[in-house]
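Number of protein chains: 2
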Amino acid sequence: MRFDNKSGKFLEDAIMQFSSLPGIGKKTALRFALHLLRRPETEVENFANSILSLKKDTKFCTVCNNISDNELCSLCSDKTRDFSKICIVEGIHDIMALESTSQYNGLYHVLGGVISPMEGISPSDLNLANLFTRLDQGNIQEVIFALPATMEGDTTNYFINRKIENKNIEITVLARGVAIGDELQYTDEITLGQSIINRKPFTK
Amino acid sequence: MRFDNKSGKFLEDAIMQFSSLPGIGKKTALRFALHLLRRPETEVENFANSILSLKKDTKFCTVCNNISDNELCSLCSDKTRDFSKICIVEGIHDIMALESTSQYNGLYHVLGGVISPMEGISPSDLNLANLFTRLDQGNIQEVIFALPATMEGDTTNYFINRKIENKNIEITVLARGVAIGDELQYTDEITLGQSIINRKPFTK
Numbered sequence: 129m130r131f132d133n134k135s136g137k138f139l140e141d142a143i144m145q146f147s148s149l150p151g152i153g154k155k156t157a158l159r160f161a162l163h164l165l166r167r168p169e170t171e172v173e174n175f176a177n178s179i180l181s182l183k184k185d186t187k188f189c190t191v192c193n194n195i196s197d198n199e200l201c202s203l204c205s206d207k208t209r210d211f212s213k214i215c216i217v218e219g220i221h222d223i224m225a226l227e228s229t230s231q232y233n234g235l236y237h238v239l240g241g242v243i244s245p246m247e248g249i250s251p252s253d254l255n256l257a258n259l260f261t262r263l264d265q266g267n268i269q270e271v272i273f274a275l276p277a278t279m280e281g282d283t284t285n286y287f288i289n290r291k292i293e294n295k296n297i298e299i300t301v302l303a304r305g306v307a308i309g310d311e312l313q314y315t316d317e318i319t320l321g322q323s324i325i326n327r328k329p330f331t332k
Numbered sequence: 129m130r131f132d133n134k135s136g137k138f139l140e141d142a143i144m145q146f147s148s149l150p151g152i153g154k155k156t157a158l159r160f161a162l163h164l165l166r167r168p169e170t171e172v173e174n175f176a177n178s179i180l181s182l183k184k185d186t187k188f189c190t191v192c193n194n195i196s197d198n199e200l201c202s203l204c205s206d207k208t209r210d211f212s213k214i215c216i217v218e219g220i221h222d223i224m225a226l227e228s229t230s231q232y233n234g235l236y237h238v239l240g241g242v243i244s245p246m247e248g249i250s251p252s253d254l255n256l257a258n259l260f261t262r263l264d265q266g267n268i269q270e271v272i273f274a275l276p277a278t279m280e281g282d283t284t285n286y287f288i289n290r291k292i293e294n295k296n297i298e299i300t301v302l303a304r305g306v307a308i309g310d311e312l313q314y315t316d317e318i319t320l321g322q323s324i325i326n327r328k329p330f331t332k
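As you go down the protein sequences, you meet chains D and P in turn. When you read off a place in the first sequence, starting at 1, and then add 128, the result is the number in this note's numbering. When you read off a place in the second sequence, starting at 1, and then add 128, the result is the number in this note's numbering.
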């Protein structure tokens, strides 16, 4: 379907804006716009205002760089968490994923990316200075690498490890192996190889 | 993935708003929100403002009910079009679909729905009074039914036909038949039946 400018520029503008969102084409953008047109004006105002305040009012935690409403995010200001552990992640979505497991009670540190010479991302582009400051302040007993299981993630792990290996901090990395529900024949050979090397005592 | 309120209420609000769009779940909504967070503030303001003006500034054509920036839409104010034909459609997206064929040069009339006793949509909920006024003003030689090929579309066609059949206006309906690219074995029997009844002289 072509989109000729026959239905006015306000609709056209909204379609253009929605189709700039990741994975959204013009047809879906039109569907969004027509959906909003049918909703009451106050609801559409709330929609637009929530987008404005998302950008204007959202802060980044001065300690861990997580998204936050205040100087300190809800995790860094939660006294019930284990302040001796820092889990290093690429982005905010990784915090959400790890928090949804309910298996970790330490703090986080959001790098905002991983080292990638291909994409021109060097260590200085990442939120690393803050990390080293946090580790220099002492009290940290364990650093957990939870970066993507990719070449770039591994490179970043090695880089950070080299900087902090003398600090008497335990450094761990997320276990790699066969995912729950995976069939062995479809598991890639590197993962399968690591999972046999790192096999564990069987527990009932 | 659960979405605990650990990344602030502004993000949460934006996720809630985006996930109210048709077909958008919480994960995609989060992706949209994080995407906007990475964009410059002016771009995000433009995004929000285009949504606001979509709702506030969009008018509906006083003649045909198409979306418009002015009193008259670009089609109804286009002197090159054939003012003797009115094509009746359910929604604005149908105008876009028909316009994209470049096969029709008349005007439109947007009903804003079809008669549906199941969903409680009666003739009085539709933009019908305006249609009858247009037809009473004369000059219209042909009305084309381009409503959905469903029970509700057919009901609406019958309803309008009964009201206007005495007005000496030619009433036509979109051809139904085998769609381009369709295989006969997968075409439903009603469509196939109609296409053999309405067969046309073969032209090379």
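Since the hints were derived computationally from the structure, they do not count as laboratory data. Note that the Cβ used here is the ideal one computed from N, Cα and C, for glycine as well. Heads up, some of the hints might be wrong.
Unchecked claim - Some chain D residues well away from chain P (every beta-carbon gap over 10 Å; in silico): (1) A142; (2) N177; (3) D185; (4) T208; (5) I220; (6) Q265.
Unchecked claim - Straight-line alpha carbon distances no greater than 20 Å define the calculated EDC-like cross-link-like pairs of lysine to aspartate or glutamate that follow: (7) P:K184 - D:E199; (8) P:K137 - D:E140; (9) D:K187 - P:E173; (10) P:K155 - D:E140; (11) D:K137 - P:E171; (12) P:K154 - D:E169; (13) D:K184 - P:E173; (14) D:K155 - P:E169; (15) D:K184 - P:E140; (16) P:K184 - D:E227; (17) D:K154 - P:D141; (18) D:K155 - P:D222; (19) D:K187 - P:E171; (20) P:K187 - D:E171; (21) D:K137 - P:D222; (22) P:K187 - D:E227; (23) P:K155 - D:D264; (24) D:K187 - P:D222; (25) P:K187 - D:E169; (26) D:K154 - P:E140; (27) D:K155 - P:D210; (28) D:K184 - P:E270; (29) P:K187 - D:D222.
As the list claims (entries may be wrong) - Quick list of simulated restraints, FRET-style, between CB atoms: (30) D:T331 - P:D310: 43 to 51 Å; (31) D:N174 - P:R327: 32 to 40 Å; (32) P:S181 - D:N255: 34 to 42 Å; (33) D:E173 - P:V306: 30 to 38 Å; (34) P:S230 - D:L312: 43 to 51 Å.
How the hints compare with the structure:
With a minimum CB-CB distance of about 4 Å to chain P, D:A142 fails to clear the 10 Å threshold, and the non-interface call is violated. Once the 10 Å rule is applied to beta carbons, D:N177 is inconsistent with being away from chain P; the minimum gap is 7 Å. Non-interface status of D:D185 relative to chain P is broken: a Cβ of that chain comes within 10 Å, the nearest being about 5 Å off. Annotated as non-interface, D:T208 keeps its C-beta farther than 10 Å from every C-beta of chain P; the closest such distance is 13 Å.
Look at D:I220: its CB is around 6 Å from the nearest CB on chain P, not clear of 10 Å, so calling it non-interface is violated. The Cβ of D:Q265 lies farther than 10 Å from every Cβ of chain P, with a closest approach of about 23 Å, so its non-interface assignment holds. Proximity of P:K184 to D:E199 is assessed by CA-CA distance (about 36 Å); at most 20 Å being required, the pair is judged violated. The straight-line distance between the Cα atoms of P:K137 and D:E140 is roughly 31 Å, outside the 20 Å bound, and the hint therefore fails.
For the suggested pair D:K187 and P:E173, the alpha carbons sit about 17 Å apart, so the restraint of at most 20 Å is met. Under the criterion of a C-alpha separation no larger than 20 Å, the hint pairing P:K155 with D:E140 is inconsistent with the structure, at around 26 Å. Our distance criterion of 20 Å between C-alpha atoms is met by D:K137 and P:E171, whose separation comes to about 18 Å. Restraint check for P:K154 and D:E169: the C-alpha separation of about 23 Å exceeds 20 Å, so the hint is violated.
Taken as a hint, the D:K184 and P:E173 pair is honoured in the structure, with Cα atoms around 9 Å apart against an allowance of 20 Å. Under the criterion of a C-alpha separation no larger than 20 Å, the hint pairing D:K155 with P:E169 is inconsistent with the structure, at around 26 Å. Only pairs whose Cα atoms come within 20 Å are accepted, and D:K184 paired with P:E140 is accepted, the gap being roughly 14 Å. Between P:K184 and D:E227, the direct Cα distance comes to roughly 40 Å. Violation of the 20 Å bound is thereby established for this hinted pair.
A distance of roughly 25 Å separates the Cα atoms of D:K154 and P:D141; the hinted pair therefore is violated under the 20 Å criterion. Only pairs whose Cα atoms come within 20 Å are accepted, and D:K155 paired with P:D222 is accepted, the gap being roughly 12 Å. Proximity of D:K187 to P:E171 is assessed by CA-CA distance (about 18 Å); at most 20 Å being required, the pair is judged to hold. Note on P:K187 and D:E171: the hinted pairing holds, with a Cα-Cα distance of about 18 Å set against a maximum of 20 Å.
Restraint check for D:K137 and P:D222: the C-alpha separation of about 18 Å stays at or below 20 Å, so the hint holds. For the hint linking P:K187 to D:E227, the alpha-carbon distance of about 46 Å lies beyond 20 Å, and the restraint is violated. Straight-line distance between C-alpha atoms of P:K155 and D:D264 comes to about 36 Å, which puts the hinted pair past the 20 Å bound. The straight-line distance between the Cα atoms of D:K187 and P:D222 is roughly 43 Å, outside the 20 Å bound, and the hint therefore fails.
A distance of roughly 13 Å separates the Cα atoms of P:K187 and D:E169; the hinted pair therefore holds under the 20 Å criterion. A threshold of 20 Å between alpha carbons decides the hint, and for D:K154 with P:E140 the separation of about 26 Å lies outside it, so the pair is violated. For the hint pairing D:K155 with P:D210, the CA-to-CA distance comes to about 28 Å; that exceeds 20 Å, so the pair is violated. A hinted pair counts as satisfied when its Cα atoms are at most 20 Å apart, and D:K184 with P:E270 does not qualify at roughly 54 Å.
Restraint check: the Cα-Cα separation between P:K187 and D:D222 comes to about 43 Å, which exceeds 20 Å; the hinted pair is violated. Between D:T331 and P:D310, the C-beta spacing of about 58 Å breaks the proposed range 43 to 51 Å. With their beta carbons about 55 Å apart, D:N174 and P:R327 fall outside the hinted range of 32 to 40 Å. Restraint check, P:S181 to D:N255: a C-beta distance of roughly 37 Å satisfies the suggested window 34 to 42 Å.
At roughly 47 Å, the beta-carbon separation of D:E173 and P:V306 lies outside the given 30 to 38 Å, and the hint is violated. The hinted window of 43 to 51 Å between P:S230 and D:L312 is violated, with their beta carbons roughly 56 Å apart.
Hints 1, 2, 3, 5, 7, 8, 10, 12, 14, 16, 17, 22, 23, 24, 26, 27, 28, 29, 30, 31, 33, 34 from the list above are not met by this structure, while the remaining hints are.
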